[in-house]
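S.K.: If you're matching positions, the sequence shown starts at 1 in the working numbering and goes up one per residue.
Hints in this document: simulated from the structure, not taken from any laboratory.
Beta carbons: idealized from backbone N, C-alpha and C, even for Gly.
You may find that some hints are simply not true.
Claimed, not checked - Straight-line Cα separation of at most 25 Å, BS3-like style, residue types lysine-lysine; simulated pairs:
id : residue 1 : residue 2
1  : Lys111    : Lys78
2  : Lys78     : Lys188
3  : Lys350    : Lys364
Claimed, not checked - Label-pair ranges, simulated between beta-carbon atoms:
id : residue 1 : residue 2 : range
4  : Leu146    : Gln422    : 15 to 25 Å
5  : Pro336    : Gly60     : 31 to 41 Å
6  : Val75     : Lys333    : 42 to 52 Å
7  : Ile438    : Gly191    : 23 to 33 Å
8  : Leu146    : Thr167    : 13 to 23 Å
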Amino acid sequence: MDDINSENTKNLSATPKFKLPLLNIFSLVGNVFASAQNIIGIDIGSHSIKLLQLQKSAKGYAITNYITRTITQAVKDKPQEKKRIIKEFVKEFIAEARIKTTLGRIAVWGKGVFIFSLNVPLLNKKDLRGAVSIELKKRLPFQLSLENISFDFFITGSIRDEKGLETLQITCVACDRLLLEEQVELLKEMGIRPIAINTIADALGNILPFCLEIPPTKTVALLDSGANSSTLNFYRGRDLAFSREIPIGGEHFTHAMTRSISTPTGPITINAEDAEKIKRQCGIPLEEEAKIEFLTDFGILSGEQISTMLRPTLERLVMEINRTFTYYVSTFKTNPTEELYLTGGNSRLKNLPQFLVHNLQGLKKVEPLNVLKAAKTWKDSAVFKQELVMEQAAPHLACAFGLCLGSGGKINLLPAKEKLEQKAAFLSIILKISFPLILSLNLLYYAVCFIGARNYNKFITATAREVKKLAPAATKAREYLEIKTKLDQRKKLLEQASGSQPLWYGVFKELSTITPKEVILSKITVVENKEPKELRLAGKIFSKYTIVDLELSQYLMVLGDSPFFSNVQLVSSEQDMYSAIPAANFEIACRMKY
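Input sequences plus hints: build the corresponding full structure.
M.R.: Below you can see the structure in the form of structure tokens.
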């Protein structure tokens, strides 16, 4: 089951080639920023090596490259030989797949890696790390000190203690610095620049939101079953709340089947390789399959025989899982978890989900985690033959998927020195890119300005030529303007000398028209020192049939309605006592309009 039969190297992208230097620069800039989204996820287990690369786009993640390779039994117990094979394998994969980016994330596990659930007082961010280190010192094995480890942590929630004080629930991951330095050195020797070192438990939590719809307050369990051991993780939403290693893996099932048994054809001895084949082919026989006969390379085996060989290991696994569930519920004061998801190579064991849901207490749902939901498609949509192989390899690649998605998890155990080197390398790359880019932009700006200046010179020359052709007409126009200016000046002087005069012909004609026969004008006077000019009318008015004042008022109204006069006022009026008919002498003042 843990043996992966084939190597599946994927090269689903073509390398574009640009001939223009400017396009090369923009392509380089794009590649640098895109590389941060095309991280290589590396998971080196005890039984196999898993590598994965995803490409992020607006539609989601697409699978670009992946590969898995089994570590042979001959080199498992030889660290130096194993290290050499891993380096050669990764270098060969990067070269054959023509992977552009050299950025990678790797997961650490096993001896030297510790995951703790801590409760610390509510503090600010500056003091929180110190409080975590104090609690961490109490939990670490006595042979380890804080000076020899690196740790990272994140907050998963908060609770109130018995005194009513609020405390923070924190998941802390600590790792031996020697192990981290070995991993960094290994990646660099493989030609990969490490940007993060995480644990398998947190990387698996990073993939959960892409595969499941989990409310932030809901808790789910995930059993990562590998070759040598299994890890049972509890997640609140996507945050790792608790993790426990169970020392039972796929090799224990294989070892349980390595024995001599009786068959209808006679006794047979099953070695490790044969046991692996039987395990992969038959899996865990269910209760109703006890009497079923399975055809194997050694003849016919009954389901009851296979169950008898696997039962002790399965009972240990169920006992450890039940103990872990009970501890989590009692320690974290939470409701029992009802869902369990499976990952890892051993999760492919046939009938394992059905066996667990039947034997574990309180579980309503046990199923493999479909990690392929995290990837929307292949980068090369024409490669359909890979999908079946990918489905078989997906449980092994769960951790690699978690490392490639987003930030790769909430934990980063990369040594501080390496982080500084990463920043320095990034700034160096930015400078190498920005200098030719700025130079090219300056040259482009100079070329645009030069072309613009040349065009303006042509325009100025053409305009000067046109102006030269228009010189005679311009001279005549200037002479005309000079003459017109002199005429306007003389006209203005004439008006100033004579002043503005009303149209006297019209004024007298208007008076003769609107003045009735009952009115006799004896004197018309113009007041010169007022502007507009004031006209004074003196005379006598007769009223044979009406009142003299009424007749005078009507005359004033007629003058006011005239377009030649305004502001008509009666200056004086005196009754003529000696006249045979009613009469009065009057004087009227009015302003002239002109």
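S.K.: Now look at each hint and say whether the structure bears it out.
M.R.: Consistency of the hints with the structure:
no., hint, verdict
1, Lys111 - Lys78, "holds (17 Å)"
2, Lys78 - Lys188, "holds (21 Å)"
3, Lys350 - Lys364, "holds (19 Å)"
4, Leu146 - Gln422: 15 to 25 Å, "holds (24 Å)"
5, Pro336 - Gly60: 31 to 41 Å, "holds (34 Å)"
6, Val75 - Lys333: 42 to 52 Å, "holds (47 Å)"
7, Ile438 - Gly191: 23 to 33 Å, "holds (30 Å)"
8, Leu146 - Thr167: 13 to 23 Å, "holds (21 Å)"
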